[in-house]
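Visitor: Chain V: place on chain W using the hints.
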Amino acid sequence: MAASATPLTLLDDPQEWSAFSRPLAQQPGCWESSVVFEGMHCAACALTLEDALRQVPGVLSVQVSAASHRGRIVWSDQAVKPSGWMQAAQRAGYRAVPANDAFANERRRSETRQALWRLSVAGFCMMQVMMYAWPAYVAEPGDLAPDLAQLLRWASWVLSLPVLLFSCAPFFGNALRDLSQRRVSMDLPVALGMAITFGVSAIGTFEPAGIFGAEVYFDSFTMFVFFLLTGRWLELRLRDRTAGALEALMNRLPDSVARRGAQGEFERVAVRRLAPGDVIRVLPGEAFPADGVILEGRTLADEALLTGESRPLPRDAGSAVIAGSHNLSAAVLVRVERVGNDTRFAQIVALMESASASKPELAQLADRIARPFLLFVLVAAGVAGAYWWPHDPGHALMVAVAVLVVTCPCALSLATPAAMLASAGALARRGVLVRRLQALETLAAVDTVVFDKTGTLTRDASALGEVHTRRGVSREQALAMAAALAQHSLHPVSRALVAAWQGEAPRPDAWAAHAVQESAGQGLSGRLARTGKMAVGVPARLGSARFCGVDRPATDLLHACLSDDQGWLATFELGEDLRADAQATVAALLAQGVQVLLLSGDLPEAVDRVARQTGISQARGGCTPQEKLALLRGLQSQGRKVAMVGDGLNDGPVLAGAHVSFAFGPAVPLAQAQADFVVLGDRLGSVAQALLRARRTLAIVRQNLWWAAIYNAVCVPLAVLGWLPAWLAGLGMAFSSLLVVLNALRLSAAIQPVETV
Amino acid sequence: MEILFLLIPLSVMLVFFILGGLWWAIYRGQFEDIDAEGERILHQD
Numbered sequence: 001m002a003a004s005a006t007p008l009t010l011l012d013d014p015q016e017w018s019a020f021s022r023p024l025a026q027q028p029g030c031w032e033s034s035v036v037f038e039g040m041h042c043a044a045c046a047l048t049l050e051d052a053l054r055q056v057p058g059v060l061s062v063q064v065s066a067a068s069h070r071g072r073i074v075w076s077d078q079a080v081k082p083s084g085w086m087q088a089a090q091r092a093g094y095r096a097v098p099a100n101d102a103f104a105n106e107r108r109r110s111e112t113r114q115a116l117w118r119l120s121v122a123g124f125c126m127m128q129v130m131m132y133a134w135p136a137y138v139a140e141p142g143d144l145a146p147d148l149a150q151l152l153r154w155a156s157w158v159l160s161l162p163v164l165l166f167s168c169a170p171f172f173g174n175a176l177r178d179l180s181q182r183r184v185s186m187d188l189p190v191a192l193g194m195a196i197t198f199g200v201s202a203i204g205t206f207e208p209a210g211i212f213g214a215e216v217y218f219d220s221f222t223m224f225v226f227f228l229l230t231g232r233w234l235e236l237r238l239r240d241r242t243a244g245a246l247e248a249l250m251n252r253l254p255d256s257v258a259r260r261g262a263q264g265e266f267e268r269v270a271v272r273r274l275a276p277g278d279v280i281r282v283l284p285g286e287a288f289p290a291d292g293v294i295l296e297g298r299t300l301a302d303e304a305l306l307t308g309e310s311r312p313l314p315r316d317a318g319s320a321v322i323a324g325s326h327n328l329s330a331a332v333l334v335r336v337e338r339v340g341n342d343t344r345f346a347q348i349v350a351l352m353e354s355a356s357a358s359k360p361e362l363a364q365l366a367d368r369i370a371r372p373f374l375l376f377v378l379v380a381a382g383v384a385g386a387y388w389w390p391h392d393p394g395h396a397l398m399v400a401v402a403v404l405v406v407t408c409p410c411a412l413s414l415a416t417p418a419a420m421l422a423s424a425g426a427l428a429r430r431g432v433l434v435r436r437l438q439a440l441e442t443l444a445a446v447d448t449v450v451f452d453k454t455g456t457l458t459r460d461a462s463a464l465g466e467v468h469t470r471r472g473v474s475r476e477q478a479l480a481m482a483a484a485l486a487q488h489s490l491h492p493v494s495r496a497l498v499a500a501w502q503g504e505a506p507r508p509d510a511w512a513a514h515a516v517q518e519s520a521g522q523g524l525s526g527r528l529a530r531t532g533k534m535a536v537g538v539p540a541r542l543g544s545a546r547f548c549g550v551d552r553p554a555t556d557l558l559h560a561c562l563s564d565d566q567g568w569l570a571t572f573e574l575g576e577d578l579r580a581d582a583q584a585t586v587a588a589l590l591a592q593g594v595q596v597l598l599l600s601g602d603l604p605e606a607v608d609r610v611a612r613q614t615g616i617s618q619a620r621g622g623c624t625p626q627e628k629l630a631l632l633r634g635l636q637s638q639g640r641k642v643a644m645v646g647d648g649l650n651d652g653p654v655l656a657g658a659h660v661s662f663a664f665g666p667a668v669p670l671a672q673a674q675a676d677f678v679v680l681g682d683r684l685g686s687v688a689q690a691l692l693r694a695r696r697t698l699a700i701v702r703q704n705l706w707w708a709a710i711y712n713a714v715c716v717p718l719a720v721l722g723w724l725p726a727w728l729a730g731l732g733m734a735f736s737s738l739l740v741v742l743n744a745l746r747l748s749a750a751i752q753p754v755e756t757v
Numbered sequence: 758m759e760i761l762f763l764l765i766p767l768s769v770m771l772v773f774f775i776l777g778g779l780w781w782a783i784y785r786g787q788f789e790d791i792d793a794e795g796e797r798i799l800h801q802d
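Order-wise, the sequence lines are chains W and V.
Heads up: the first sequence at position 447 corresponds to 447 in this note's numbering, and the numbers run straight through without jumps.
Start counting at 1 in the second sequence, then tack on 757, and there's your number in this note's numbering.
Isolated chain V, as found in the complex:
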């Protein structure tokens, strides 16, 4: 059970790490214009 004392703080840090990744994705515009990527194959150029 002692390992929980290490794992719980680690999980807190993991959440912050994931949030960092999400921040990058959102502010790089990954979630904007989601349809356009799917339609791109239909365009000629």
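For reference, chain W alone in the conformation it holds in the complex:
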């Protein structure tokens, strides 16, 4: 105990916290930690852990996921230290390991090894015990000499012993722990079943004249232990793959990296010790450990997991690389710009972590059913045993064993989270992040999709076309003034103006804007002054004609107006290119029976044009965010389930008002995007794919729940009636859990992407 207490108190050092926790912005002094729990076996464990942790003073909220064994704990650093709640988890019989910790991998490896080793012992002993049981099944009465039969029973006993003592140890350990804490979990009936079978058989071996007769069940015993362990083993492997995208993301960063020292020599340092400004060397095959800029060398980078872009991207000196992407072809020198929690990678991981710990409603229902169901099973086993006892005590106990072993609330409680995690993982690999698993359930029911235009159906990197200016103002000057304001905004039009200014007249010192305020979806207002002069500046507005208070320009292109205290100053026309897959995506959505709408704040003419090009029949331009929201509410009051697709920034309230929301666009700061789904790449087809996948996910969840219900409804009565031998019961239970997980795993397979025209 002393040895394991030391590392726990080490975690109380606030410097260690950032490795597995992040401070909550809304509540100062509160941290959100992500941990992996060991020793969890089923949904009942998740409830117990949550209860145990909630009782620790200072722990504000706890969410534990039974499917991924991960938990999210919010705690206040004034009232408790990490070791406080970690010890609480230990007292409840589980071990909490900080996620992202280097130890976690090491420990998981030894956990897998031990699981495999237990399985092998059970497997080999089972095979040999089968051999010894064979003569007793086939021999005619009198063929088998009594002393030889006794020797075979002896040999079976010897080989069953390691199975009982070693392979079954986790079942017994968990059952004892649950008993000492007066609660029920899945392992209790199973452990009881094992102990009874082995006990009956051992008595049969050593006292053939006893009440149980000379009948032995070593073959049944080893067989169902083997099946159960196989089931658990495969579940463990599948769970690793199901949560695969999540794990792949979190384990993406290397542990160490070669950093250039003061004399130009390279030394390997832990990634955690990197600071902005450091120069590091990243070899081919390594992942970039931080966001940065390439100083020397040219290579190809694989950013598939972060942006959904599956092609390797060329990266030369001067181009930016992002943490978590892979360096594919050559060694490069990189200057570090952002590390740790500031990187986009860290934001993505934080999103995925909180999503995987969130519990969909269907899963909570299954968790609540699990406990009473287990109690019912124990009672049913007792009744069945008592009923058969007068007839034949040995047979009565084996009937009770079959009841105990065959029941499977695991299938019930795994049904929902396994499918949703598989789906979230598959979506993440294609550049769509799910913020709440519950959203998948809602998305499946969506029958109306509302698109925003700019930055969603069209590319946000719009090209600057003609610039109309007031007499006496040059194009360059107008652009420089507009860019000074636009730098304060992430709106696609602003970004396009800034990009155009940087491309055409890059004189960064000409104008400066201050006191800039953004009215979402309408424009920017602020004061413009020539830099270097101590001037208050002139008030200026950049945005829609209505926002700037000027007449509507005679153009139906996307545009922005600039005005100052003397009125209209310039109009910037922006060419819009439709996303390549916009038309195909709309067609795919319509084919799925979904109604598609286009709502935009832009000019009605421009909106109509885009609607015609993409095949959207209902479009409305010139909407303020309030009007958009009102339209959305109207649709919802008609009983429609509405999904909103926007750029996540300018239409925040509208996104929040929809049943399900997609934030779109590579430049969205993830922490700010208040959407249920965040699309990282720039393929619109992801929206249609996500909808398809959500529908398939819910179909599979329903299949799983039905399967679990039918399986238990059929098998428990069969076992009570004594028609189900113990080995078949073990096979049934392992098979049932596996079927649920395998069914969920079908969701990881690719869905045909929307064809790009």
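Among the clues, some could well be false.
[Unchecked claim] A few chain W residues that face chain V, going by a derived Cβ cut-off under 7 Å, partial list only:
1. W117
2. S120
3. L151
4. V158
5. G537
6. L635
[What the hints assert, rightly or not] Covered by chain W, per the in silico footprint, the following chain V stretches (three or more residues, Cβ under 8 Å):
7. 760 to 774
8. 779 to 788
I should point out that these hints are in silico values taken from the structure, not numbers from a laboratory.
Yeah, the Cβ is synthetic: ideal placement off N, Cα and C, and Gly gets one too.
Guide: For chain V alone, coordinates are given in the frame of chain W:
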């Protein structure tokens, strides 16, 4: 048939012997990262 009285205890011992070999293989990491060995030929170095 008498030979069975020798062979059965021998088979029990053989099982323990095989298990010993398996233990060695598992804890030497023979079953981890099975794909990597197959892919090794594709790597340059």
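Visitor: Hints first: check each against the structure and report whether it holds.
Guide: Hints, one by one, checked against the model:
1. W117: holds (5 Å)
2. S120: holds (5 Å)
3. L151: Result: holds, 6 Å to nearest chain V Cβ.
4. V158: Status holds, d = 6 Å.
5. G537: violated (60 Å)
6. L635: At about 49 Å, which exceeds the 7 Å cut-off, the nearest Cβ of chain V leaves the hint on W/L635 violated.
7. 760 to 774: holds (count 7)
8. 779 to 788: Our answer is that it holds, as 6 residues pass the Cβ test (under 8 Å) against chain W, meeting three.
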